[in-house]
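Chemist: Here is what each chain is made of, one letter per residue.
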Amino acid sequence: MNRLSQLPTLKIDTTQKLAFTYKEKTYFGAKGDTIASALFANGVRIFGRSLKYHRPRGLYSLDGECSNTCMEVDGVPNVRCENTSLEDGMIIKEQNVKGSAEYDMMGFLDKMDWAMPAGFYYNVMHKPAKIWPLAMKQIRKAAGLGKIAPDHEIPGKYDEIFLNTDVCVIGGGPAGMTAALAAAQKGLRVILMESRPWLGGCFEYRSREYQSRQTLHDRAVQLAKEVEKTENIRLFTHTSAVGTYNNNLVTGFQIGKKEDIFDQRYVEIRANSVISAAGAIERPLLFDNNERPGVMQAACALRLAKTYGQLPGKKAVFSVGHDFGLEAAIELHDLGLAIACVTDIREDGQNLELVKKIRNRKIPLLKGWVATKAHGMKTVKKISISTLDGQISKTFACDVIVASAGFTPVTGHITVNQGTLKYDSHTGAFLPDQMPEKMHAAGRVLGLEDPKSIEVSGKLAGLKAAFDCENCSIQELGDAKKELEALPGPARGSKLVTAPVKGRKTFICFDEDATIKNIKQAIEKGFDVPELIKRFTATGLGPGQGGIPGHNLPLFVAKYQALPDISIRPTNVRPPLVPTLIATYAGANHKMFKTTPMDEMQRKDGGIFRNIGVWQRARYFSNDFSSRKEIENVRNNVGMLDASTLGKFRIHGPDALKALQRVFVSDMSRVKQGRVKYSAMCNDDGCVIDDGVVIKQGENDYYFTTSTGRAGQTIEWIRYHTRYDGWDFALVNLTDSMGVINLSGPNARKVMEKVVDIDISNEGFGFAEYKTFNIADTIPVRAMRLGFVGELSYELHVPASYMKAVWIMLKDAGKEFNIRNFGVEAQNVLRMEKCHIILGQESEQRTNLLDVGLGFLWDRSKADAKTVGAVALRQAENDQTRFKLVGFKMENNGRAPRDGALVVDDKVRGYIATARDSFSLNEAVGMALVEAPLSKIGTRLEIFEDECGDDRIYGKVVAMPFYDPEGNRMKM
Amino acid sequence: MALTITCPICGKRNGYEFRFGGEEKGPRPEEKDLTPQAWCDYVHMNKCVAGVQEEWWFHKDGCGSWFKILRDTTTNLEQAAGEAAK
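Chains A and B supply the protein sequences, listed in that same order. Using our numbering, read the first sequence as starting at 6 and increasing by one per residue. Using our numbering, read the second sequence as starting at 254 and increasing by one per residue.
I should point out that these hints are in silico values taken from the structure, not numbers from a laboratory. Accuracy of the hints is not assured; some may be wrong.
Unchecked claim - Computed cross-link-like contacts, BS3-like style, restricted to lysine-lysine with a CA-CA straight-line distance of at most 30 Å:
| hint | chain 1 | residue 1 | chain 2 | residue 2 |
| --- | --- | --- | --- | --- |
| 1 | A | K146 | A | K98 |
| 2 | A | K320 | A | K361 |
| 3 | B | K313 | A | K871 |
| 4 | A | K500 | A | K387 |
| 5 | A | K522 | A | K116 |
| 6 | B | K278 | A | K663 |
| 7 | A | K867 | B | K278 |
| 8 | A | K871 | B | K278 |
| 9 | A | K427 | A | K522 |
| 10 | B | K265 | A | K443 |
| 11 | A | K894 | A | K912 |
| 12 | B | K313 | A | K599 |
| 13 | A | K663 | B | K313 |
| 14 | A | K871 | B | K285 |
| 15 | A | K132 | A | K28 |
As the list claims (entries may be wrong) - Just so you have them, the derived chain A footprint on chain B, three or more residues with Cβ under 8 Å:
| hint | segment |
| --- | --- |
| 16 | 255-262 |
| 17 | 273-285 |
| 18 | 289-297 |
| 19 | 301-313 |
| 20 | 316-327 |
Ideal Cβ positions, reconstructed from N, Cα and C, are used throughout, including at glycine.
Starting from the given sequences, assemble the full structure and let the hints guide the process.
Modeler: As structure tokens, this is what we get:
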């Protein structure tokens with residue numbers, strides 16, 4: 006590995022070697038290398054093959070502007086190797102090849118381009134119709150870049166951070182840094198985001214003079230030091246801004262350093278003012294084979310040498326359209342690159358000093374010439390150049406072609422936030438026209454190339470941001486504006502898009518293999534605007550997000566259609582502006598679940614927990630997932646369940662009853678003190694959304710429960726439906742501060758007797774009654790007699806902090822009866838045998854109160870329009886097309902179908918809500934929602950399970966409930 | 254979420270903290286002479302204004318109140334009540 010050393014701009018440390026595997030061989034890179042620069046240093050020129058034609062592709066940019074160097078790294082496909090740091094032990098593979106990148110068996114496709122015109126997948130291979138299924142298989146096999154297993158779990162640690170700031174600066178180049186410093190000096194909090202791992206932008210790698218005895222590189226270092234020591238600038242390097250939104254929200258993602266706790270982090274910043282100083286990328290020059298390995302951008306060639314210490318090749322030809330290209334040629338020549346020729350698209354207008362320097366180095370400079378074709382089967386061997394009119398041509402042998410037509414300001418951050426661009430005929434670029442509110446552009450985004458102008462535009466933008474934050478005077482703004490006006494404005498840019506070529510192998514978009522010919526085909530087909538052509542030819546839809554074709558496409562289309570300048574419109578870009586891992590958006594994988602006060606104790610007792618809604622609940626207490634022992638114990642003895650996840654609320658105040666009347670379907674004025682009232686809530690469509698019990702604690706003071714899943718929305722719901730009334734009531738969510746123990750089974754009373762002092766005989770504390778008392782004179786308990794599981798049962802509502810104590814007391818008291826825990830699954834079966842419904846299980850979004858047989862809860866004397874859901878219930882009452890909830894048994898003592906299985910005849914007629922093999926009844930029973938005509942008792946139900954083929958199982962509609970139809974057991 | 258919403262109690266906060274409650278349509282219709290059509294329109298029909306709209310929001314991760322704001326649906330920016338009147 007021969008690297009240039011002694012350059013002040015180098016970012017690599019050749020004394021520290023990193024080993025990596027590529028094609029099963031070990032190679033070495035230097036610390037500070039990216040994967041792409043390390044491969045290049047090891048002689049790799051062909052990184053992969055292109056999407057459609059399998060053309061060889063090589064290093065073209067160094068900032069991931071195209072998919073040329075996307076590779077599979079450690080099993081993750083499509084890693085952008087140009088800006089992914091090399092790490093010790095990485096395993097790197099090429100992608101989209103059959104064989105290897107050098108010898109790709111699919112390479113013949115390059116000659117088949119006639120068979121794949123623009124949009125071929127829309128308009129060929131569908132006649133005759135028989136062909137399509139065959140063709141589709143082949144196309145699908147060939148399509149896409151990289152392969153990933155469906156169950157692949159992406160390695161790494163991901164995090165997220167949400168920040169507020171006064172000013173957010175996108176881009177850590179000279180403009181971004183001066184902007185950040187200007188705003189920081191005004192006392193504002195500033196966040197500076199830079200996508201490279203270091204500050205400096207376009208100054209960082211250049212040796213051109215900034216002012217006497219200071220190079221641009223020196224200046225970049227000086228500014229970076231100043232930024233780093235400014236306390237109110239928070240610096241995010243290696244952080245790409247991927248989206249900007251209104252109200253000045255900026256999103257991005259950060260690549261972690263070794264010492265960071267994350268590999269990638271999602272960054273979301275809310276700023277008062279945003280500065281876009283994202284710089285510019287190069288506009289590709291279009292000529293034949295303009296993407297052959299060996300062709301690269303000017304900055305790529307220069308940075309390869311100055312940042313990564315390697316010359317791009319042995320002998321180069323330059324075909325450029327700007328002074329920066331000339332500058333790069335001079336620098337690379339001085340570093341040892343032989344240059345056969347420099348051609349400049351511009352006939353005149355070059356910086357005279359640069360021209361002189363080139364002449365002094367005896368490099369032939371041809372003005373008004375352009376590259377027309379790169380020769381070489383796999384990598385560049387030779388170049389043809391010609392005059393702009395194509396009349397005179399020459400060839401040179403070379404292995405590097407540095408090609409760049411102009412600059413493209415990076416304006417994505419402005420346009421995704423609804424800012425507009427305008428074609429500027431002086432620079433030939435799309436420059437910001439109307440900026441979004443409180444967003445300012447600076448530096449090369451404005452088309453500026455002069456170093457001092459770039460910096461002063463940054464300062465001006467920083468002051469404008471300070472002005473937004475009311476920390477800057479108009480006077481200061483005016484001074485900065487004058488300072489900028491005195492400096493050189495944007496440089497005149499070349500407008501040339503294509504060399505004089507036919508364009509069959511002239512690639513406007515590398516990612517999607519779209520050629521100039523494809524664009525012409527699309528226009529001929531009638532797609533007349535760039536936005537449509539982009540879609541039809543897929544130009545710019547690849548991972549580079551239009552970085553390569555975004556500027557050339559509208560210019561070319563305008564030229565082809567002979568449109569005037571003003572009608573040239575850029576295509577839209579969308580966030581994420583830079584490819585981002587979904588894992589990064591997902592952030593850290595926090596366990597976001599609530600636990601009940603009994604969590605620990607139930608785990609000790611062998612509870613097997615499942616995530617149910619927002620909670621973690623004990624679903625089973627043994628590895629027998631039918632929960633047989635738990636169920637039989639409740640039916641024959643006594644069991645206890647932690648029901649703390651129930652929603653629990655208090656509503657009180659002068660208008661509390663009115664609020665309850667609004668949302669509950671029953672007449673809540675009839676709730677008697679000391680009695681439990683079961684009721685339900687509907688939405689305005691009459692669909693049942695919640696059920697629970699209500700208790701009257703005093704005048705206009707109620708306590709009520711909701712189902713576990715609805716607890717989070719209950720307050721919102723009640724407040725919403727009373728928002729116009731101005732009623733005076735308070736709602737308190739007691740869900741987390743109260744726990745619930747359900748003690749159920751024939752022996753429940755015997756256990757209770759040992760723990761409480763009150764009379765709990767059936768006469769003293771009957772079914773559906775409610776009592777408050779203290780246990781051990783201390784613990785306040787609300788107790789209800791309910792029958793959800795169909796047995797004698799007490800539901801004790803206990804303050805969360807006392808839950809453990811009461812739980813232990815009941816457990817101790819129950820020891821002599823062999824009391825045991827039961828879990829959510831046992832409860833599910835027990836209540837199903839009683840046909841007590843669980844909303845969400847026996848209902849879905851369209852199921853109304855009447856469908857599930859709870860119509861008796863609805864009080865028809867209440868004013869319909871004043872009770873949520875009543876109007877719709879009235880209309881649905883006689884509707885025979887609705888589903889009905891029915892009970893069923895399986896024929897011939899068959900097994901229970903799976904929950905969610907379909908009820909069918911020649912079409913779908915309903916579905917199974919819950920069904921289990923019942924131990925209490927010794928047969929399989931369940932509930933199903935079926936069309937009304939199937940709901941008659943005795944109807945045969947044909948049940949279709951997933952993947953059952955033609956094998957159906959059959960059930961029969963029976964009366965509900967299945968267990969203890971008279972309800973004697975829960976009332977005993 | 255780029256949206257910010259100004260809660261009358263908590264002030265300007267991130268849009269994440271709120272839940273949308275639909276367009277402002279006035280209180281529930283009176284029971285008298287209520288037709289199914291009128292009811293259906295009240296519940297389901299929306300104006301879907303492209304421009305400034307009066308709408309309800311709930312501060313779910315905050316004070317828990319329902320309130321109305323004026324929002325320009327084309328820009329997703331809030332407007333002060335005075336501004337809209339102009």
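Chemist: Tell me the hint numbers this structure goes against, listed in increasing order.
Modeler: Hint 15 contradicted; others consistent.
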